[in-house]
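Here is how the chains run, residue by residue.
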Amino acid sequence: MLTYLAQEPLPVPETTAIEPPPVGAVWPILIILAAACAGVLVEAFLPKHQRWSTQVVLTLLAIVGAGAALAGYIVDAPEAGELAMYGTLAVDGPALFLWGTLLALSVGAVLLIADRSVEPGGAFVATAAIRPGTVQDRAQVQSTGMQTEVFPLTLFALGGMMIFCAANDLLTMFIALEVLSLPLYLMCGLARRRRLLSQEAAVKYFLLGAFASAFFLYGIALLYGYSGSVRLADIGAAAAGTDRSDTLLFAGLGLLVVGLLFKASVGPFHTWTPDVYQGAPTPVTAFMAACTKVAAFGGILRVLQVAFESTSWEWRGVLWGIAIISMVVGAVLGLTQTDVKRMLAYSSVAHAGFLLIGAIALTEKGLSSTLFYLLTYAFTTLAAFGVVSLVRGPDGEATHLSQWAGLAKRSPLVAGVFTFLLLAMAGVPLTSGFVGKFVVFEAALSDGMAPLVVIALVASAVAAFFYLRVIVLMYFSAPAEDGPTVTVPGAFTTAAITLGVIVTLLLGVAPAFALDWAAGGAFAIR
Amino acid sequence: MSINLAAEVAPATGAASQAWLLLALPALGAAVLLLAGRRRAQGWGHLLGSATVLGAFVYGLVLFFESTGLSPDQRTQDLLLFEWIPVGSLDVDIALRIDPLSLTFVLLITGVGALIHIYSIGYMGHEREDRSRFFAYLNLFIAAMLLLVLGNGFVTLYFGWEGVGLASYLLIGWYQGRGYAATAAKKAFLMNRVGDVGLALAIFLMFKTMGTTSYAGVFEQIGGQSTAVVVAIGLLLLLGACGKSGQFPLQAWLPDAMAGPTPVSALIHAATMVTAGVYLIARSSPIYSLPQAADARLVVMIVGAFTLLLGCVIGCAYDDFKKVLAYSTVSQIGYMMLAVGLGPAGYAFGILHLLTHGFFKAGLFLGAGSVMHGMNDEGDIRRMGGLWKKMPITFATFALGYLALIGFPFLSGYFSKDEIIYAAFGEEGWRGWVFGGAALLGALLTAFYMTRLLVLVFLGKPRWEGLKSEDGKDYHPHESPSTMTIPMIILAFGSVAAGGILATMLPEWLEPSVGAVAEREGLVSHGMVAVMATVAMVIGAGLAYLLFARGEQPVERPQRVSWPVRAARADLYGNHLNEALFAKPGTWLTRALVFVDNRGVDGLVNGIAAGLGGSSGRLRRTQTGFVRSYALSMLGGSILVIAALLMVRFA
Amino acid sequence: MTPTYYLLLSALLFTIGAVGVLVRRNAIVVFMCIELMLNAVNLSLVTFARINGSLDGQVMAFFVMVVAAAEVVVGLAIIMSIFRTRRTASVDDANLLKY
Amino acid sequence: MTSTADSWVLWALLAVPLVGAAVTVALRGNDKTAKLAALAFSVVELVLAGVAWSLYDPAGERLQLGTTLDWIPAFGVHIAWGVDGIALVMIAVIALLVPIVIGAGWADRLPEGRTKGGFFALILLEQALTVGVFAATDVFLFYVLFEIMLIPMYFLIGSYGGANRQYAAVKFFLYSFLGGLIMLASVIAAYSLASDTLGQGTFLWEELVPVVSAAPLTTQIWIFFGFFIAFAVKAPLVPVHTWLPDATAEAPMGVAVLLVGILDKVGTFGFLRFLLPMTPDASKELSWLVLLLAAVGVIYGSLLAAGQSDMKRFVAYVSIAHFGFIALGIFAFSTQSLTGSVTYMVNHSIATGMLILVLGMVIFRGGSARIADYGGMAKLTPVLAGMLLIAGLSSMSLPGTNSFISEFLVLIGSFPNAPVHTIIATVGMVLAALYVLWLYQRIMQGPLRGDAIVGAAGGPGAVVAPEVGARKAIADLSGREKLVLAPLVLLVVALGIFPKPVLDTVEPSVAATMCEAGLVDPVQSDEEQAQC
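Protein chains in written order, with our numbering: chain A, -16 to 509; chain B, 26 to 676; chain C, 4 to 102; chain D, 12 to 543.
For the record, the hints were derived by calculation from the structure and aren't laboratory data. Not one of these hints is a red herring.
EDC-like mimics (lysine to aspartate or glutamate), calculated; alpha carbons at most 20 angstroms apart, straight line: (1) A:K392 with D:E123; (2) B:K414 with B:E403; (3) A:K392 with D:D42; (4) A:K348 with D:D207; (5) B:K486 with B:E581; (6) C:K101 with A:D322; (7) B:K498 with B:E403.
These stretches of chain C come out as covered by chain A in the derived footprint (C-beta under 8 angstroms, 3 or more residues): (8) 30 to 44; (9) 58 to 67; (10) 73 to 82; (11) 90 to 102.
Glycine included, C-beta positions come from ideal geometry on N, C-alpha and C.
Construct the complete structure from the given sequences, taking the supplied hints into account.
Structure, rendered in C-alpha cells:
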C-alpha cells in the first residue's frame, strides 16, 4: 500500500531563514521557566525552613512578572500575531488569551498549593520517600514540613502549558506536552494523607499519559511522513493538496487527536480522569482540572484550525461522535458518583464535550467562544476544588457525599459558595457557565450543528441533576452525625476561592470585555 | 311579527328608569345579612329580609301601573345600567328590559316571594340562630331571579340563571348536617349545570352567527339565519330550560330538592325558579315562532307532553307529601312547556298557567309545610289522615289550592289548563290528537293523585295516633301561627280568583312581548274541551276517592304491588338511568385516569430518571480501576477513531 | 529494499508495544513496552526523514530519546515509590480508585 | 440606551422587593421585625404597582414605562424593561398576592431550623424575579430571569416544604430547567436569524419579532417548539404537568399560591408574548396541537381533580384544567378569547390563590391534607365554610365571580374558530361544578366525621357532639385570616360585576398581539375592521 514511497525523494523544503528571535513575545515563558530553574536551585541550596517562604514568593513573583511582561507585550502586539523562537512559537491572539488565562489560573492554583492553614503544613507530603502506613508516615502527617519541590514543578508544568498552546510545530508541541505532563505525574503522588491513593493516581496517570504521548508521537511521525514537515502550517498546506496517500494524513491525525483528547480528558479517553482527580492532592487536582484543560484545548484548537481546516469535512463527523460520547459519559456517569472529587471529574468530562463542540465549529465564533468557555470553566472548577479542600473530616478531606449532608446548617457560607459554583457548572444564568454555554452553542448552531446542540442541552439538563443532588444534600438533608468540620481557610485559600467566585460571577453578569478579548484575533497561520 | 318585536324597544323613562332598585333592594339585603353575621342580625334579620322583598313588590306594582298607562308599543323599555363585558365586537351590558312579560314575572316573584318570606318568619322560628342567613339566601334568590327575568340579553339571563341555581343549591342544602340534603343540593346544581351548558352553547352560537347576545340584536337577526342554526339554538335553549324546569330528561333533581325547607320548595321549586325554563322559551318566542324553528318547537311539545304524563304517573305512587307535590310541579310545568311549545297559540296560556300554578302550588306547598310543621316534620302521608279538624285553616286553603290544581270549574286551574288543552288540540293532524290526548289524560291523572293526597292527609282515620316520629316524640298536630296562615289564605284567594281575572286580560297584556294569540280552528270546540276536561277530572278524583277514602289505609307502604306502581315508585327508573349512563362510567373513568396519571404519565418521567440512574450505575462498573483496562479502552477508542476517519475518507 | 519495510516494521513494533502494555502486569515491563512504542516511532521518523530527504526526522528522533530518558526518570521514581509501599510492582494491585 | 420618563416605576418595582429581601434576611434573627419588614416592603410594592397602573396608558404605545440599556454589546444583549397591558396586569397580580401570602404565612409552622425571615426573604426575591420576567423586553434577559426564578422557588419548596419536599423540589427544577434549555436553543436560533438578516445580532424583543416572524415556516416551527415546550412545562399543559401536583402538594400554602398563581402564568404569558408574535405562521400551523392539548387538559384535569384524595393535589389538578382553558383561548385566535385568557390568568391567580389559602386554613386546623379526614366542618366554622364556598364558586366560574368573565370570554371567543374544542371545554363546566361541590360537601357538609375533626375533639373514634368537643379545638377564622381573605373576596365579586378596568387595560395589547400575529377576528363588527 505504501509502494508509492519508492518514488524518488521529494525536493527538500527550504528551511526557514534564520532571523533573530523577537524575544519580547516570549518573555512570559522565559520568566516562568527561569523561575522554575531558580526554584530547583533554592531546593538545593536553602535550608529546609526557609524554602517554603522563598518558593512561594519566588513562584508568585514569577507568575506576576510573567503577567506583567504579557501585559506589556499585549499593548502593542501585532494584530496578526507573530512567530517567535525561529518559528516554533506562534504568538497570536488565542495564544496570548490562553497565556493570560493560564497565568491568572496558576496564581489561584499556587495559592491553593501553598496554603498551610487548611491542612497544617499544607496538602503535600513532608518527604515523598517515606512509606505510607509506617511510623514515619504518621509522624510526617503531623509534621509541618512539606515537599517544596512542588513549586518549581508547578512552574515547569505551567511553562509547558504555555508553550503547548503556542507551539507552531508538532515537535515543539510534543516537548511541551512532556514538560507539562512529567511534573504533574509527580505532583499527583505527593499527597500528605491517603498516600496510597495518591501514589496509585500518580502511577495510573503516568502510565496512561506516557501511553497517550506515544500515540501522539506516532501521529506526529505519520504526519511528518505525509507532509515532510511538522509545521502546522505546512501540514495544512500539504493537506490542502498533495499526491501523497491520505492514509498517512488521517492515521496521523487520528493518533495526534487521541493524544490531545487524552490530555483534555474527553471521553472515551477520559478513563484516567476520575481516578487521578480523586487520588491527587486537591490543590493539584484544581491545577490540573483548570490549567491542563485550558492548555490541551488550546492545542486542539490550534491543530484543528491551522493544520486540518481543509480536511474538516472528513474528521468533523468523527469529532461529533466523540463530543456526544464525552457529554453523555460525563453526564450519565456523574449521576451515581458518591465522591465529590470524582463527581467533579465527570463533570469536567461532560464539559470537555461541550468545549469540543465549540472547537469543531471552525469559525471565529467557534474559536472565541471556546476560548471564553475555557476561561469560565477553569475558574469555576478551580474555586470548586478549593472549596472541596475546606470540608474536612478527622482523616483529611471529607470527599464522600454522604459527609456533605446538611452542610448548609453548619457553615452556610461555604455551602452558598459551592452552590453558586455548582449552578455555574450547570449553566444557570447570571453565572459564567451560562454565558459560556450560550456562546459555544450559539457558535455551533450558526455553524449548522443544531442536532449536536440539542443533544448538548439535554446532556446539560441531565448533568444538572447531579449538581442539584449535592445542593439537596447540603441544604435539605439532616446533617450527618460524625459530619465533617469546615476549616476556616487562611488567606491563601480564601484568596484563591474568592478569585474563582468573583470571575465566575463577573463573567456571568458582565462578560462583554472577556468576550471582546477572546475574539481578539485568529491563529497566525505561517 | 317576531321581527318588529325587537324594533319596539324604547329607552326606559319615568319610574322604569330607576328599575335597578328592583335588583338592588334584595341584593343589598342579602349582602347586609351575610356580612352582619348570625349573632348581630338575629333580632332584625328576618324583618329586613322581608322588607326588601316587599319593597321590591311595591316598586313592581308602581312599574306595572305606569306601564299599563302606556300604549302597548311603548311598553317594552330598555334600561342600560353599565357595560359589563365589552371586548371587541362582543358587547355585553348589564341592562334591564322592562316589558309586560318581565313585569308579570316581577310581580309573581316579588309577590309570592314576599308572602313566603313572611311565612318563613314563622316556619324558621325554631332555628333563630341561622334564620338571618336563611333570609339572606332567600333575598339572594329573589335578586338573582329578578335579574333573570329583567335582563335584556341572554348573558344577563344566564347570570341570573346560575344565580338562582346557586341560591337553590344553598337552600336545598340548608340542613348541612344531613348528608342527603347536601347530596340533593349537589345533584340539583349539577343537573342544572348540564342544562346551563346548553344555554351557554346557544349563546356562543348566537355570537358566532349574529355577533350579539342581546335580545334586541338576536331577535332582529334570527330571521335571517339558516334552519340548522335556528333549530340548533332552539334545541340548546330547550336543554337549558329542561335543566332548570325539571323537564325530561333532567327531571330527577326536583324531587330530591324537597330536602330543603318547605318555604324554599314553595318559592323556588314550585312557584318561580323552576318556571324559568318556561320564561326562557316564552322570552325566545321570536326564535321559536319562526317557521324554521318548527322542528325545535315540536321537540319542546314532545318534552312537555312526555314530562307532564311522567310527572303524573310518578306522583300517583309516592307517599312523601312534598315529593308528590314536586312531581305534580314537574307535570304542571310539562303543561306549560307544551303550551309554549305550541307557539303563538300557546305562549300566553303557558304564562297564564305559570301564574295560576304559582299561586296554587305555592299555596299547596305552604299547606304541606304547615302540616309538617305541626307533625314534627313528618313527611309520610301514610302516617297522617283526618287532620282537617286539627288544622282547619290549613285544610281549607289546601283544599282550595287542590281544587284549583285539578281544574275544578271556574277556579284558576280550570281556565289556564283548559286553554292549554284546547290549544293542544289545535295542532293539525296527528299532533292535535296526541298532545291534546296527553294533556287530557294528564288532567285525569292529576285529579287522581291530588285527590289521593288530600284524602290520605286530611280525611279518613287519624292513623298518626299512637305512632311516634323518628325523634321518638308523639304527634301533636296543631294549627300554625298566623305568620304562616295569612300567606296561605292570601294564596288561596289567588288560586281561586287569579285564573278568572287573568285569563281575559293576560293575552293582550303580553302581546308586546310574545305576540298576539293565534286563534286556530281546533279539532274540538272550546266548550267541548271544557266538558272533556271536567269529565276527566271527575273520573280521576272519583277513582281516587273510591280507592283511598273508603276502608283502611296501611301505615306501612305495601311492598307487594303491581309492576307499574313499582316503576313509578322508582321514578320510572330515571335515576337508575343517570346512574348507569353517567355516574358509574364517570367514577370508573376518574379512577382509571388517576391510575394512568400516576403510573403512566408520571411513571414515564420517573422511569426515564430511573433508567438514567440504572445505566449510570451499570456503566460505572466499567471504571474498573485497572490501568490496563483503561489502556485498552484508549487503544480501542483510537482504533475506532482512525478507522472512522479512514472510512469517511475512502468510503 | 524500499523504506516501506521499515515503516511496516515500526508499525509492528508499535503494535507489539501497545499490546504489551495491555497484557503485562509488571509496571516496569508495561513501562518498557511504552518505551518500545516510542522507539518504534523513532524508527518511522528516521525512515520518513530518509523518504523526505530532510534531516528533521532524525533530529526529532534525538528529541524523542531525550524525552524518553526524562520519562524514565520520572516513571521509575513513581513506580519505585509505589513498589516500596506495596512490595509489588503489579499494576493490577493498584486499584483502590475505581467506579 | 433609551428610557421614557416614567421608567423609574419599573425599576422601583424591581428594586423594592430585592431591598426588602435583603432587609428581611438581615433581620431574620427576630421573627417579629422580619415579618413586619417583609410585609411593609410588599405593601410598598403594591402601592408602586398601583402607580404603574395609573401611569400606563392603554391607548399608548405597545410597550410602556420602558428602559433599554446595553448589557453585552457583543451579542446585542440589553437590560430592557417595559410593559404592555398583559404584563402590567400580571405584575399587579404579583404585587397583590405577595402581601396576602405573607399575611397568610404569618403563623405558619416552618420546619425546625428555618426562620420566618429567610422564608419571607425568599418570597420577596421570587417576587422581584417574577416581576422582572414579566417586564423584560429583551429575550435574553427574559430567558435569564426565566431560569433564575426557579432557584428561590426551588429553595422555597425544598427547605420549607412537606415530607416529600426534596423529590418535589428537584422534580420541579429539572422539569423547568430542561424546558428552559430547550427554549435556549430557540432563543439562540432566533438570535442567529437576527444576526444573519440584520447584520448584527440583537435580543431586543421589538427588533426580533419582525425578523423571526418573517422566517420560513419550517424555521418558525423549530423555534416555536423550543419556546412551546418550555412554556408548556411551565404552564403546565398535559402531558408535561406531573411536576405541578407534587410541587403544590409539598410546598407551603403561600408558596403554592405563588407557584400556581404567578410562576405558571409565565408560561401562558410566553405564549402571548413570544409564540404568537414571533412565530405566527407556526402558531397557526400548529394551533390544532395546542387546542387538542388544551381541550384534553380541561377534561383530564377536571376528572383527576375529582379523583384526588389530597386537597393540595386537588388544587393542582384544578389549575391544570384551568390552564387548559387559558391555552384554548390563546390559540383560538380571537380578541375575545385572547382577552379572556389574559383575564383568566389574573382571575385564576385570585380564585385559585384564595382556594389554596382557604384550604391551607382548613389544613392548619385539621393538621391533615387528606380530604377524608374532614367532614361537617361547616357546623364549627361557618365563615371558613363560606370562604371555601366562595373560592370554589369562583373556581367553577359562576356568574358574578371574576372567573366567569374570563371563562365566558374564552369560550365564546373560541367557539367560532374551534367549536369542537369549545364544546368539550364547556362540558368541563359541569365537571368543575362536580369537583368543587363534591370537595365542599366532603369537607364542610354532612355529619361531623373524619380524624382531623373528631380527633381534634379527643382522639380518633371519639364521639363528639358538635357543640362541645371539636368546636373548642377547631375555631373559626381569626381576625388576621379574615383580613387576609377580605381583599380576595372583594376582588372576586368586584371583578365579576365590573371587570371593565381590567378588560380595557388588556384589550389594546391583545389587539396589538393579534396584529403582530396577523390574526383577524372571526366575528367582527364593522367599525373594528379598520385596525392594523
